[in-house]
Amino acid sequence: MVWNHEMMCRRAAKELKDGYYVNLGIGIPTQVANYIPEHVNFSLQSENGMLGMGPFPTEATADADLINSGKQTITQLDKSSFFDSATSFGMIRGGHIDLAILGALQVSQAGDLANWMVPGKMVKGMGGAMDLVAGVKKVVVIMDHNAKDASPKMMKQCTLPLTGRAVVNMVITNLGVFEVTPQGFTLVELAPEVTLDEVRAKSEAEIHANSQGASNGFL
Amino acid sequence: MGKVYKNATLALEGLLFDGMTIMSGGFGLCGIPEHCIRQLRDSGVKGITWIANNCGTDDFGSGLLLHTRQIKKMVASYVGENKTFEKQFLSGELEVEFNPQGTLAERIRAGGVGIPAFYTKTGVGTVIAEGKETKVFDGVEYVMERALKADLAIVKAWKGDTEGNLIFRKTARNFNPIMAQAGIVTVAEVEDLVEPGMLDADAIHTPGIFVQRIFQGEHFVKRIEFLTTQANPTGKKKEQ
Numbered sequence: 001m002v003w004n005h006e007m008m009c010r011r012a013a014k015e016l017k018d019g020y021y022v023n024l025g026i027g028i029p030t031q032v033a034n035y036i037p038e039h040v041n042f043s044l045q046s047e048n049g050m051l052g053m054g055p056f057p058t059e060a061t062a063d064a065d066l067i068n069s070g071k072q073t074i075t076q077l078d079k080s081s082f083f084d085s086a087t088s089f090g091m092i093r094g095g096h097i098d099l100a101i102l103g104a105l106q107v108s109q110a111g112d113l114a115n116w117m118v119p120g121k122m123v124k125g126m127g128g129a130m131d132l133v134a135g136v137k138k139v140v141v142i143m144d145h146n147a148k149d150a151s152p153k154m155m156k157q158c159t160l161p162l163t164g165r166a167v168v169n170m171v172i173t174n175l176g177v178f179e180v181t182p183q184g185f186t187l188v189e190l191a192p193e194v195t196l197d198e199v200r201a202k203s204e205a206e207i208h209a210n211s212q213g214a215s216n217g218f219l
Numbered sequence: 220m221g222k223v224y225k226n227a228t229l230a231l232e233g234l235l236f237d238g239m240t241i242m243s244g245g246f247g248l249c250g251i252p253e254h255c256i257r258q259l260r261d262s263g264v265k266g267i268t269w270i271a272n273n274c275g276t277d278d279f280g281s282g283l284l285l286h287t288r289q290i291k292k293m294v295a296s297y298v299g300e301n302k303t304f305e306k307q308f309l310s311g312e313l314e315v316e317f318n319p320q321g322t323l324a325e326r327i328r329a330g331g332v333g334i335p336a337f338y339t340k341t342g343v344g345t346v347i348a349e350g351k352e353t354k355v356f357d358g359v360e361y362v363m364e365r366a367l368k369a370d371l372a373i374v375k376a377w378k379g380d381t382e383g384n385l386i387f388r389k390t391a392r393n394f395n396p397i398m399a400q401a402g403i404v405t406v407a408e409v410e411d412l413v414e415p416g417m418l419d420a421d422a423i424h425t426p427g428i429f430v431q432r433i434f435q436g437e438h439f440v441k442r443i444e445f446l447t448t449q450a451n452p453t454g455k456k457k458e459q
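Note that the protein sequences, when read in sequence, are chains A and B.
So that you can map any letter, position 56 of the first sequence is 56 in our numbering, and since no number is skipped, the others follow by simple counting.
Convert by adding 219 to the 1-based position in the second sequence; the result is the number in our numbering.
Be a bit skeptical, because a hint or two may be false.
[Said to hold, decoys possible] Pair by pair, the computed Cβ-Cβ distance ranges are:
#: 1; chain 1: B; residue 1: Val223; chain 2: A; residue 2: Gln157; range: 58 to 64 Å
#: 2; chain 1: A; residue 1: Gln157; chain 2: B; residue 2: Val440; range: 32 to 38 Å
#: 3; chain 1: B; residue 1: Glu437; chain 2: A; residue 2: Lys137; range: 42 to 48 Å
[Said to hold, decoys possible] Examples of chain B residues lying across from chain A (beta carbon under 10 Å, computed):
#: 4; residue: Gly250
#: 5; residue: Ala329
#: 6; residue: Leu446
#: 7; residue: Asn451
[What the hints assert, rightly or not] Stretch by stretch, here's where chain B covers chain A in the computed footprint (C-beta under 8 Å, at least three residues):
#: 8; region: 17-23
#: 9; region: 42-49
#: 10; region: 57-67
#: 11; region: 121-127
Read the hints as simulated data drawn from the structure, not as lab findings.
Built from N, CA and C at the ideal position, the CB exists for glycine as well.
Based on the sequences and whatever the hints tell you, model everything.
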């Protein structure tokens, strides 16, 4: 049984440690915040200029001056702070953010990431993605193991334009969890009933078995 | 000569010319100088190089100036929600230079503080670094990025005083303070214009030296792009 997006987010949430400053990408990664255990104290950074992002407001408390990087209305917390864009990316580029979780089109076994453009399609821009992957201490990708047309996304080398070179530390797909090591992708966990052979068949990159052996499932 | 002007029309008078470079504060529609943008549209100034993080929506923010084809070139990081942009970009009518958002912010910051260029890790090994000088420091490769300045910066603040001191509110700060520094002339529009002494000097985000002209906007729309709430976390409009 492969993991669905909620399970992938639950698994990604386990990468958040107490005291972490975290940046979550737009889309599925945003949902990771819903699955973090209560005893873990963390702060969400929003690259448009906020640390300590709170949950969505009510209709009555929504404020046009208070949005996240996805331009959605949000709220502030007692611990929140606001700052300008240069300071925001100063904390990102300067290595002060502990963890970034984001989506991807392709990841290579060297940790290269492609997630901002597909040649021939409308280009919308990279936003803060290139800065985040270059500067944040640990970069975790959440993505489906294969594209909609079943083509592989775990690559020997990315064929799409890069967002960053050798920047990804971990990949969580619907089939399992992989660490990017000097040897390439190393399997850490498998989704229930998924086999290493199946993962290898659905990847272009080489997938190394963990020396301890990877167990099925974490839930 | 005082810095205070009555409205956007008077504040921008004598500053506009075809082919000029303009920086405009804001992130999405949050914290944009909406009065100045409307006045730029009405002025008809064209051939603008427009430096802003985004390009607004089809009918608000920078999008107004795309609609009238007054923008020749955009320098931005993300342009998601704008069909007008898409059309002009795909037809080749509009020139676009994408910058990583942090690189864009730092180029603007550098421009305002007398730093002509800097090295950053961002974009190394990607198309962004193509044709640019790179250098290795302590075993890590960096790419050189040039500073940005503008003939005019238009910014939006929450409060300001007649000396040009500015205070921003929440995430509406974003690119506004750094653009105020990088404009050869900076025009600030504020929700509340007060006399000197009424703002806490310790709380001022942008010192008045960076602001040449200031006015109180008569009506801020402050449109919300995606209203997400606890009851409607996707922000999608419900079917009737």
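Status of each hint after checking the structure:
1. B:Val223 with A:Gln157: 58 to 64 Å: Roughly 59 Å apart at Cβ, these two residues keep to the hinted range, so it holds.
2. A:Gln157 with B:Val440: 32 to 38 Å: violated, 48 Å
3. B:Glu437 with A:Lys137: 42 to 48 Å: This hint holds: roughly 47 Å between Cβ atoms.
4. Gly250: Holds, because the Cβ-Cβ distance from B:Gly250 to chain A comes to roughly 7 Å (cut-off 10 Å).
5. Ala329: Nearest chain A Cβ about 9 Å off; hint holds.
6. Leu446: holds, 6 Å
7. Asn451: Where the cut-off is 10 Å and the nearest Cβ of chain A is about 8 Å from B:Asn451, the hint holds.
8. 17-23: Three-residue rule not met by the region 17-23 of chain A, so violated; n is 0.
9. 42-49: holds (count 4)
10. 57-67: holds (count 9)
11. 121-127: It holds, with 6 qualifying residues against the three required.
Checked against the numbered hints above, the structure breaks hints 2, 8 and satisfies the rest.
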